[in-house]
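Visitor: Read off the chains here:
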Amino acid sequence: DTEVTQTPKHLVMGMTNKKSLKCEQHMGHRAMYWYKQKAKKPPELMFVYSYEKLSINESVPSRFSPECPNSSLLNLHLHALQPEDSALYLCASSQDLEVNFYGYTFGSGTRLTVV
Amino acid sequence: TQLLEQSPQFLSIQEGENLTVYCNSSSVFSSLQWYRQEPGEGPVLLVTVVTGGEVKKLKRLTFQFGDARKDSSLHITAAQPGDTGLYLCAGGSGAQKLVFGQGTRLTINP
Numbered sequence: 001d002t003e004v005t006q007t008p009k010h011l012v013m014g015m016t017n018k019k020s021l022k023c024e025q026h027m028g029h030r031a032m033y034w035y036k037q038k039a040k041k042p043p044e045l046m047f048v049y050s051y052e053k054l055s056i057n058e059s060v061p062s063r064f065s066p067e068c069p070n071s072s073l074l075n076l077h078l079h080a081l082q083p084e085d086s087a088l089y090l091c092a093s094s095q096d097l098e099v100n101f102y103g104y105t106f107g108s109g110t111r112l113t114v115v
Numbered sequence: 001t002q003l004l005e006q007s008p009q010f011l012s013i014q015e016g017e018n019l020t021v022y023c024n025s026s027s028v029f030s031s032l033q034w035y036r037q038e039p040g041e042g043p044v045l046l047v048t049v050v051t052g053g054e055v056k057k058l059k060r061l062t063f064q065f066g067d068a069r070k071d072s073s074l075h076i077t078a079a080q081p082g083d084t085g086l087y088l089c090a091g092g093s094g095a096q097k098l099v100f101g102q103g104t105r106l107t108i109n110p
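Heads up: the sequence lines are chains A and B, in that order.
For the first sequence, the numbering used here assigns the number 1 to the initial residue and increments by one for each residue that follows.
For the second sequence, the numbering used here assigns the number 1 to the initial residue and increments by one for each residue that follows.
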């Protein structure tokens with residue numbers, strides 16, 4: 001299995017809703033990432049997990065809450081989002097933090113619309 | 001702050017033509033990666049180059065890493081409509097994450 005699977009593929013939520021994005025990989029990768037991508041822009045790093053521990057938080061607002069229940073799963077909990085948070089949310093994994101050499105395997109993303 | 005500048009930002013050419021996309025920085029990177037992203041999908045890693053002057057070929061795609069490891073290029077020969085997409089270069093510097101360029105949006109017209 002060489003894939004990163006993200007669910008759901010599309011999500012529409014109101015500003016008072018609570019929802020979660022899910023990401024799963026079975027490649028034995030030990031580093032997992034959340035990226036946010038706005039239209040016509042490159043991906044922007046949000047969080048990095050290494051060996052199930054939060055390694056980097058790129059000053060992301062607390063309305064985004066990551067969770068890594070085990071080495072194969074990564075969640076992103078969403079609460080009280082704003083319309084400007086609408087974007088494609090990408091999960092990625094890498095063999096380990098030596099991402100320079102191994103690169104990322106990205107999922108297909110969750111297209112989030114906040115109304 | 002390390003930055004990667006890609007050029008051109010947009011490129012639209014006819015099927016069968018050749019093209020080159022550039023990725024430049026004033027910083028030295030330990031590696032340069034190229035990704036292709038199609039609409040509604042995540043980026044897919046095409047290649048990683050790690051040695052200054054390195055050239056890698058992937059079918060009709062040729063990737064080069066500059067001698068000083070500050071720049072890279074992607075050359076496509078005889079472009080096909082299936083090459084259409086957003087091409088992203090990404091630099092690694094040992095900081096647990098990659099720096100992405102702004103991307104080149106390539107359209108190949110039949």
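No wet-lab data here; the hints were simulated from the structure.
The structure presented is a predicted model; accordingly, all values stated were derived computationally and were not measured.
Idealized CB from N, CA, C, for every residue including glycine.
There's no promise every hint is true.
[Stated by the list, open to error] 16 Å max Cα-Cα, derived EDC-like pairs, lysine to aspartate or glutamate:
| hint | chain 1 | residue 1 | chain 2 | residue 2 |
| --- | --- | --- | --- | --- |
| 1 | A | 22 | A | 3 |
| 2 | A | 41 | B | 41 |
| 3 | A | 9 | B | 41 |
| 4 | A | 41 | B | 5 |
| 5 | A | 40 | B | 5 |
| 6 | A | 36 | B | 41 |
| 7 | A | 38 | B | 41 |
| 8 | A | 19 | A | 3 |
| 9 | A | 40 | B | 38 |
| 10 | A | 41 | B | 38 |
| 11 | A | 40 | B | 41 |
[To be verified] A few chain A residues facing chain B, derived, Cβ under 8 Å:
| hint | residue |
| --- | --- |
| 12 | 54 |
| 13 | 101 |
| 14 | 107 |
| 15 | 108 |
Visitor: Hint by hint, note whether the structure agrees.
Guide: Verification of the supplied hints:
1. Note on residue 22(A) and residue 3(A): the hinted pairing holds, with a Cα-Cα distance of about 14 Å set against a maximum of 16 Å.
2. Straight-line distance between C-alpha atoms of residue 41(A) and residue 41(B) comes to about 14 Å, which keeps the hinted pair within the 16 Å bound.
3. With a C-alpha separation of about 10 Å, the suggested pair residue 9(A) and residue 41(B) falls inside the 16 Å cut-off, and the hint holds.
4. The straight-line distance between the Cα atoms of residue 41(A) and residue 5(B) is roughly 13 Å, inside the 16 Å bound, and the hint therefore holds.
5. Distance check on the hinted pair: residue 40(A) and residue 5(B) sit about 15 Å apart at the alpha-carbon level, within 16 Å; holds.
6. Of the supplied pair hints, the one linking residue 36(A) and residue 41(B) holds, its CA atoms being roughly 13 Å apart against a limit of 16 Å.
7. For the hint linking residue 38(A) to residue 41(B), the alpha-carbon distance of about 13 Å falls within 16 Å, and the restraint holds.
8. A C-alpha spacing of about 23 Å is found between residue 19(A) and residue 3(A), which places the hinted pair above 16 Å, so the restraint is violated.
9. Restraint check for residue 40(A) and residue 38(B): the C-alpha separation of about 12 Å stays at or below 16 Å, so the hint holds.
10. Pair hint residue 41(A) plus residue 38(B) holds up; C-alpha atoms about 13 Å apart against a cutoff of 16 Å.
11. Proposed proximity of residue 40(A) and residue 41(B) is supported: the alpha carbons are some 13 Å apart, at most 16 Å.
12. This hint is violated: residue 54(A) has a C-beta 12 Å from the nearest C-beta of chain B, more than the 8 Å allowed.
13. Satisfaction of the interface hint for residue 101(A) is found here, the shortest Cβ-Cβ separation to chain B being roughly 6 Å, below the 8 Å cut-off.
14. With its C-beta approaching chain B no nearer than about 5 Å, residue 107(A) sits inside the 8 Å limit, and its interface hint holds.
15. A least Cβ separation of about 5 Å between residue 108(A) and chain B falls short of the 8 Å threshold, and the interface hint therefore holds.
Of the numbered hints listed earlier, those contradicted by the structure are 8 and 12.
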